[in-house]
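Taken in sequence, the protein lines are chains A and B. Using UniProt numbering, read the first sequence as starting at 1 and increasing by one per residue. Using UniProt numbering, read the second sequence as starting at 1 and increasing by one per residue.
Note that these hints are calculated values from the structure, not bench results. Keep in mind the model is a prediction, meaning the values are calculated, not measured. Mixed in with the good hints there might be a few duds.
[Claimed, not checked] Straight-line Cα separation of at most 20 Å, PhoX-like style, residue types lysine-lysine; simulated pairs: (1) A/K89 x B/K89; (2) A/K93 x B/K93; (3) B/K89 x B/K39; (4) A/K93 x B/K156; (5) A/K3 x A/K73; (6) B/K73 x B/K3; (7) A/K39 x A/K93; (8) B/K93 x A/K89.
Here are the chains, one letter per residue:
Protein chains: 2
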Amino acid sequence: MMKLRAEDLGALARGAAVLGTGGGGDPHIGRLLAQQALKEHGPVEVVAVGDLPDDACVLPVAMMGAPTVMVEKLPSADQISIAVQTLAKYVGKTPTHLACIEAGGVNSTVPVIAAAQLGLPLVDGDGMGRAFPELQMVLPTLAGIEATPMAIVDEKGNRGVFDTVTNEWAERLARSATVDMGCSAIVSLYAMTGAEVRESFVAGTLSKCVSIGEAIDRAQQLHGDPVAAVVDELGGRLLHVGKVVDVQRRTTTGFARGDAAVDGLDGSQGRLLVLRFQNEHLVAELDGTAIATTPDLIIVLDTESGEPITTESLRYGHRVSVLAAPADERWHSPAGIELVGPRYFGYDLDPIRALETV
Amino acid sequence: MMKLRAEDLGALARGAAVLGTGGGGDPHIGRLLAQQALKEHGPVEVVAVGDLPDDACVLPVAMMGAPTVMVEKLPSADQISIAVQTLAKYVGKTPTHLACIEAGGVNSTVPVIAAAQLGLPLVDGDGMGRAFPELQMVLPTLAGIEATPMAIVDEKGNRGVFDTVTNEWAERLARSATVDMGCSAIVSLYAMTGAEVRESFVAGTLSKCVSIGEAIDRAQQLHGDPVAAVVDELGGRLLHVGKVVDVQRRTTTGFARGDAAVDGLDGSQGRLLVLRFQNEHLVAELDGTAIATTPDLIIVLDTESGEPITTESLRYGHRVSVLAAPADERWHSPAGIELVGPRYFGYDLDPIRALETV
């Protein structure tokens, strides 16, 4: 059993923003909120997926909505706990553990806040191994686990519960409610037993986030190459190094969608890498040819510091490195590709793996 | 205590369509569904508002959405009961009575179906004394009673519960869910004690619907004047007799909105009465001047038969009589006018009472 302390949150939030592949909201804000909760309530216990009792009652909790809005509309003090409590009351069970449903930005720290406030341990794992924009896009869906009953709450005190016939229906109803609630809300969903978590989760994500965050920090301290350190941690590869020359961004139907273009530097000047995103980066095209796609991870880092850059903070002139890294292998199954492959998002492309040669 | 039998439903549905002031959906469909339920489960007991025990647990139930859609997408066999059961489970109470939240078309017969299926008595009253298009527009809102917790269910098996900070927030979240669910859904809301029902309901609405329906029937049988019979029953007045010459209709954000123009006949030919509706008729203008507005009732009947005509069945060439009748006096209070007066619906008009002189 590991303990998560206020001083671990910097590394956790930084690593989570890397796995967040551009989405998940500003990691800084999530870190501040979680630090405040840990200072007030003490450290949170982190339990390995393999150590969960079969009959554990695990309630994941997350922020839903457009990251562009999340950075301006903070959750209220007890909103996150209320989401968990609303779901617990509806299903008539007492939660024994909380969990992250995705690894990414705010959604790696939001569950830390609830765990601290409610005095519950947190599972060291998540339902994706990265971030994706829609709520049915989790490995538990592939394992036949239902997203609902789910709870949704806003910072004004409005609460809702949905109990739907498919996980896609949960996404649809919760997305509309999120838009009504001001484009961000807290959700608790995919209530699972310990056995179900072991079957369907990616194990070790919180530890991995901390380890990625620490690797970036170490490289910065030692004047090393933080980008190379992240590539190493993820077993990924560097796609492109350059300067942001264009960003198109729009917040529609509760998502932050857009494209960004990165012109190469030095030898590769004139080679244009275009990133297409919907909360998260989904496709990377080099000179018009896709070279990496969802479900693999496409990550943008500040070239000098190695700090992860979310889609909403991409700016003209930013010097960035774009990398790709393999997703959990279950995402490459036919059902995984149907759920989160490029065609689901409207790109007429077969998925391209991060480690394929260009 | 009165019993509602299958043979009463013709008169009930017809009278409810009169009070529905153009909204509430096709009464014929509601009648058929209720007749089927009464044949299967036997008559439903109807309890006067004054006879309710203080601690009764009364759950109103209704169809929400665009009447234009309701006539094509019937509720599933158990959808209506499931809405009541979902709310009962959420509030942790056993309902003792069901009720209509509005008097109007389908929403006077939907609760009959649930009462028959669940073997519960029905309250002889409703929350409006007429029909209005949004769910906060009920006298219980004026009495400070909360719409939520509320349940919403669709015919596919999706269920939701909302618990909101205001009744306007309940409308907003439930309207979005209704649109997602295909523009019609069943809701159960405004859970009340018997004492609260006595304080905030319009008493006797179901009996009044039956009595209006029977008056139309009697006038038809005796070759009398069914339109005059309805004017008598309601204490209203005849505004205009003519022929429909134009109908503009659009289904937007879960409502059926539009306008209809009625040209006068004989002596009044050339005098144009325009009806403006959002599910229900809200304003009647004669030659460009408003002569009756919400909250009073504006009702369109077939001139010959006296049958009420819903906004979705208004057709070019239809010979119609337009009447106005006074609403429950509580609707004319300042708070009532703020909730359902012409300005709420975007008309820059003071309310005009049905019985004012033109």
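Each hint tested on the structure:
With a C-alpha separation of about 11 Å, the suggested pair A/K89 and B/K89 falls inside the 20 Å cut-off, and the hint holds. Distance hint between A/K93 and B/K93 is fulfilled; the C-alpha atoms sit about 19 Å from each other, no more than 20 Å. Simply put, B/K89 and B/K39 have alpha-carbon atoms about 28 Å apart, too far for the 20 Å limit, and the pair is violated. The straight-line distance between the Cα atoms of A/K93 and B/K156 is roughly 26 Å, outside the 20 Å bound, and the hint therefore fails.
Of the supplied pair hints, the one linking A/K3 and A/K73 is violated, its CA atoms being roughly 29 Å apart against a limit of 20 Å. Among the hinted pairs, B/K73 with B/K3 is inconsistent with the structure: their alpha-carbon atoms are about 29 Å apart, more than 20 Å. A C-alpha spacing of about 28 Å is found between A/K39 and A/K93, which places the hinted pair above 20 Å, so the restraint is violated. With a C-alpha separation of about 15 Å, the suggested pair B/K93 and A/K89 falls inside the 20 Å cut-off, and the hint holds.
Consistency with the previously given hints fails for numbers 3, 4, 5, 6 and 7, ordered from lowest to highest.
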